[in-house]
Each structure stands twice: as C-alpha cells, then as structure tokens.
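S.K.: Build the full structure now, drawing on both the sequences and the hints.
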Amino acid sequence: MQTSRVFDALADAFPGDPQSTDPVDPRWQRLTDQVAGYTGPNELAVLNVAAAALPDGEAYLEVGTFKGRSLVAASRATRTRRSSRWRTSWSSVWRARRRGPN
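Our numbering applies: residue 1 is where the sequence shown begins, and numbers increase by one.
Bear in mind the hints are in silico, worked out from the structure with no lab data behind them.
Small disclaimer: the values here were computed from a predicted structure and weren't measured.
Even glycine gets a Cβ: it sits at the ideal position worked out from N, Cα and C.
Hints should not be assumed to be uniformly reliable.
[Said to hold, decoys possible] Derived CB-CB ranges, DEER-like: (1) R27 to E62: 16 to 22 Å; (2) F66 to Q29: 17 to 23 Å; (3) D56 to Q29: 26 to 32 Å; (4) P55 to D12: 15 to 21 Å; (5) G16 to G68: 26 to 32 Å; (6) G40 to D12: 18 to 24 Å; (7) P15 to L61: 19 to 25 Å.
M.R.: Structure below.
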C-alpha cells in the first residue's frame, strides 16, 4: 500500500487532524447510530480512506467482526472499484443462542 495516498486522501476526509476533528462526511456518524460496534466515526472514515487506497491486487481482511460496522466502512470504499467479498462465521452466536441465558 502506498501510505502517501492514504495521508493525501485524509486531507479531504477531515477539516483538520483526524484525532480531534469530525469527518467531513456525515455518513460515518449515521453508521455509528445504525450499527452496533466499537469503532467511532473518525475510525470509520480513516478505514474507508485506507481501503479506498488499496491498489489492485491487494485485499482488505477483517478478522473478528462484531456486528459489521467497520466492515461496512471498508466495503463502501471498494464498492465502485472492485468487488468486495467477506465471510463470517456465526456458529459461535448460534451456539450461544441455543444454550439460552445462563
């Protein structure tokens, strides 16, 4: 990955320092309101910029997706350039639901 592409694109995604200013695009706040997860709007915007900067032939891999919030941010970046593929295993969730409350 060419990190310079990521840093250049961050200047368009934030009005200032990504650690202290909100992203320009309000969809990242909406995503945090709609999908449970641990990532905030700033992290989602940075992830989106980084995923969009992936050159052809490189892939985004996410391990340990909770509810998919960060995966949505990454996949929105790749939607127009290339196909996105992901796979998750819900077997642990299914087993927990079958056992019922403790």
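S.K.: With reference to the structure, classify each hint as holding or not holding.
M.R.: Outcome of the hint check:
The beta-carbon spacing between R27 and E62, approximately 19 Å, falls within the hinted interval of 16 to 22 Å. Judged by the Cβ atoms, the range 17 to 23 Å given for F66 and Q29 holds: they are separated by roughly 18 Å. Taking 26 to 32 Å as the suggested C-beta distance range, the pair D56 and Q29 conforms, at roughly 31 Å. Checked against the given bound of 15 to 21 Å, the beta carbons of P55 and D12, roughly 19 Å apart, stay inside it.
For G16 and G68, the hinted distance range of 26 to 32 Å is satisfied, since their beta carbons lie about 29 Å from each other. Checked against the hint of 18 to 24 Å, the C-beta distance between G40 and D12 comes to roughly 19 Å, which is consistent with it. A beta carbon spacing of about 31 Å between P15 and L61 contradicts the range 19 to 25 Å that was offered as a hint.
When held up to the earlier numbered hints, the structure conflicts with hint 7 and nothing else.
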